[in-house]
Amino acid sequence: MEVVYFNNNKLVKKKEGNKLQKICIQDSRYPKSLKRIKNPPITLYIEGNFELLKSTSIAIIGSRNASESGKLLAKKFATELSKIGITIISGLAKGIDSTAHYNSINNIGKTIAVLGCGFNNIFPKDNMSLYKEILKNDGLIISEYPPNIEAKSSYFIQRNRIISGLSQGVIIVEANHRSGTSTTVAHAKKQNKPIFSIPHELWTTNGVGTNRFIKNGAILLTETSQLLTFLKLKNFKDKYFELKNNGEFKEFNRISLCKYIEQSLEKNFEKNFKIKLQKAFNTIPKNLYSFDIIDFINSLDFSTSLLKIKNHKFTQNLSYNNTNYETIPKSKKSKIIKNSNNKELLDSNAFNFLSNNSILNYSNKKEQKIYEILKNKQNSVPITANQISQDLKIPINEILSTLFILELNGLAKKVSGGYICI
Amino acid sequence: MEEKNVTISRLNSSVTYPCNFMFIASMNPCPCGYYGSFEKSCTCNNFQIKKYINKISGPVLDRIDIHIEVQGVKYSKLENDNIDIESSAVIRKRVNRARNLQLERYKEFKIYSNSELTPKLMSQYCNLNSSCKKILESAFERLGLSARAYSRILKVARTIADLDNSLNIEVPHISEAIQYRSLDRKYWK
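Residue numbers (our numbering), protein chains in the order written: chain B, 13 to 434; chain S, 25 to 213.
By construction, these hints were calculated from the structure, which means they are not laboratory data. Note that the structure is predicted; figures quoted are calculated from it, not measured. Using N, Cα and C, we set each Cβ at its ideal position, and we do this for glycine too. Errors might be hidden in some of the hints.
Stated by the list, open to error - FRET-style restraints, in silico, Cβ to Cβ: (1) B:ASP39 / S:ASP86: 26 to 32 Å; (2) S:ILE80 / B:ASN228: 42 to 48 Å; (3) S:ASN124 / B:GLU384: 35 to 41 Å; (4) B:LYS425 / S:SER81: 52 to 58 Å; (5) S:SER147 / B:ASN257: 52 to 58 Å; (6) B:ARG190 / S:ARG34: 34 to 40 Å; (7) S:ASP89 / B:LEU32: 28 to 34 Å; (8) S:GLY57 / B:THR217: 14 to 20 Å; (9) S:GLU27 / B:LYS31: 35 to 41 Å; (10) S:GLY168 / B:ASP250: 41 to 47 Å; (11) S:ASP89 / B:SER166: 47 to 53 Å; (12) S:ASN52 / B:ARG224: 55 to 61 Å.
Make a model of the complete structure from these sequences and hints.
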């Protein structure tokens, strides 16, 4: 059954998944990789896209009390693997698991969630919405337990064997000393699955487990390509490099997007600039998404310094498809008149004019200073507003209002403990 | 808190007293007190934290105008007298000046401060220019604030503007006022 809905203002056709079904080990749909493990589940309850049982998949797991930097790491790997078409398996737990699921969905990727409980008692309750999102986005939910079984800690240890069993390899993003992920690692070892672990600094509590796994033989992972080489997934690896060279893995925030636009304009707008710009917009956090250049400029006006430029005569008369000639200064007019047959050139030239007027230069000093402090904090450790005020010797009220503006522009985020830079 | 009176009912009668007070309170984020702290890690599970925080219900939190989060005080701060901070005398002058501004402004309306502004007066004295309106609009969408929060944010912004000696509410004032409603979105989610 095909379902059509809006995703980021585009019409997307998605297949609606199958309803809850029960399959036993002898069923043709039962995944082969799971048959080979030591203690395979005799029956599986599955809901969603059953094709995923046959797809190439990698498990991404980690601690439930994830740090912000851990979430960013999970995001990186989930994003890159999803974009090249690898399914992400995880356990629908809070923290790293949820991050992996969300980022797979956001990149039009497929994800499988393995539950440690029955379908009617989804644990944790806060992830009910994630469960629905996974199904809506062509994902798959698996459980070994009948629908009315409630979650128990021993069931989570047991379900971890399914996570490692179904996947071709396991990535551990963060794990503390006595983390539940060590049970998954133990299962993966017995099943002869490669274990990839991300190294952390010695004093991070969430790094103790991952570093220990590496000491005991797990592969130290820093790049997705490394994983693809080890698993000998040549097709996926080729696709990975193709996307990387096209800049698909580049993530933008407001500042880097501005710089990217300026650089592209300096190169005299390379081919497919509009498409590339559209893709760049797609990487900005969703709630600040704007897919029109004028909308983008309008959304920049929250910054006090850019208010002046917004009120500039030229910007006020600017619309995407027809530039008002009277307001363009003489020097620029000649360029435009020469190429007046090419509509795209017209708009880009107008844009060029704007960039020369430093509309895209992040020129408010206060905001820049605060952003620099946030960026320089290692490991995304949050910093409080009080601390920023002491460091910069600026009164706290100015710090607070500037931080809010940075938040609106998608450059900072308030988390428990203070602010971090995005 | 809204109507400024309290009604006490007993078996034989029920009495209403006037009750116009200023409410200041502090609380820990969780039973052990270390949720969100860098010094120690929190030892409470999610259920305990939620139960503790929900002692202050949503509606009560909505009626509190300013929320400030602070980290624990380090010993060095307790001991050191040598930091440049504003003295109470300087702050008192500033506060008094803002108070006088408000008293003057509202003389004919018989109210004494920004907190007593009625919606009609707010439309007269708390006008926002278009950039402020946009900021408030996005804050509303992102933070999911209620209508009650809207008027309170405006009043706080008006007071911040008074402290800053500004005739109109500007962008820094409104953004600071919104930051003071941070806890709605952070802990109560």
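Hint numbers the structure violates, sorted upward? The structure breaks hints 1, 4, 6, 7, 9, 12; every other hint is satisfied.
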